[in-house]
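As they're listed, the protein sequences go chains A and B.
Heads up: the first sequence at position 96 corresponds to 96 in the working numbering, and the numbers run straight through without jumps.
Heads up: the second sequence at position 127 corresponds to 239 in the working numbering, and the numbers run straight through without jumps.
Keep in mind that the hints were calculated from the coordinates and are not lab data.
Given the structure is predicted, the values throughout are model-derived calculations rather than measurements.
Just so you know, not all the hints are guaranteed correct.
Using 27 Å as the maximum straight-line C-alpha spacing, the simulated BS3-like pairs for lysine-lysine come out as follows [said to hold, decoys possible]:
id: 1; chain 1: B; residue 1: 215; chain 2: A; residue 2: 17
id: 2; chain 1: A; residue 1: 15; chain 2: B; residue 2: 285
id: 3; chain 1: B; residue 1: 285; chain 2: A; residue 2: 17
id: 4; chain 1: B; residue 1: 144; chain 2: B; residue 2: 285
id: 5; chain 1: A; residue 1: 17; chain 2: B; residue 2: 214
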Amino acid sequence: MAVHSGVTREPGHKKHKATQYIVGYLRSLILTAVAFGPALTHTMRVGPLIVVLTILAGLQIVVQLYFFMHITEGDGPPFHALFLVLGLIFTFAIALMSVWIMGFPAFMAQVS
Amino acid sequence: MMAMPDAMYGGHSGVTSSDKPLEYRDPNQSVKILGFWLFLATDMLLFGCLFATYLVVRTHTDGGPTARSIFDIPGFTLETFFLLTSSFTGGLSTLAMRNGNKKALVSWLAVTIALGLAFIGLEVHEFIGDVAAGATWERSAFLSAFFTLVGTHGSHVTVGLVWMFLTLLQVAKRGITPITARKVFVVNLYWHFLDVVWVFIFTVVYLSGRVM
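Only chain A is shown next, with the shape it has when bound in the complex (with noise of 0.2 Å):
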């Protein structure tokens, strides 16, 4: 049972290495480079443009998560983890359903 994986630190003051957080950084500036192209470049039409760009950012989440902020460490069962998947889950139910049910025409013919 790890209860730290990601970390493994040996008595003899074994040094941690900066490694994980330049190639975290390097991958979020990469994915903010790409998500830049398409949204300038008009190459790509709205609809699948904007599923492109929601990708990229849920990538930045994982590259955060996981290289800064040791999702995968901690002490114990991972229960801040799934704190925090719930929460994704709440937050993006409330933003696209929100969406959803706000777009419906009968309902948008009444308040404007």
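Take the given structure of chain A and dock chain B to it, following the hints.
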């Protein structure tokens, strides 16, 4: 704080507490890290509601300024670069803390604060420019939602800067102890979280605003 059996923290025979990173070694500190993750999950809901509002009223500009007319590409690109970089340097401060290098820890925290200040400076500059161009938050539903969402993130960053500065002072004064180690770890969790929120603001508000 109630003392809990070691097993609740995943401790098992053969692993002494010194095998863990410093911030997890004391159960009383470790449980605070868990609590902070819970806070982040709820703070995410706050932003979820603000994003939902923005997405719904995004096009309700009432004949006033539109997303395309007020979003400045070099401005928000630079803001994104500063915040992504500060998340990286914040990570390096956690690394320095785990390596027990107090000097590097204080330096990286200072660099992170400087980058955060640059971000806030750009954002304030952007808001002042918007208001000067007539894009005030009472102008339209779109602008109300825009300033509320982006402003809430900006105020989080501002609070984070004060918090990080206070953490820096404590580390400088008391050195790297289990308590200051936990504080450094938690303030950086908060900072990375704000970076994630910004990535979504950048995507949903700025980039999408330029293409739609």
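Hints and how they fare:
1. B:215 to A:17: Holds - the C-alpha atoms of residue 17 (chain A) and residue 215 (chain B) are around 17 Å apart, at most 27 Å.
2. A:15 to B:285: holds, 24 Å
3. B:285 to A:17: holds, 26 Å
4. B:144 to B:285: Distance ~22 Å between residue 144 (chain B) and residue 285 (chain B) Cα, so the pair holds.
5. A:17 to B:214: It holds: about 16 Å lies between the C-alpha atoms, which stays within 27 Å.
Figure legend: structure checked against the earlier numbered hints; every hint is met.
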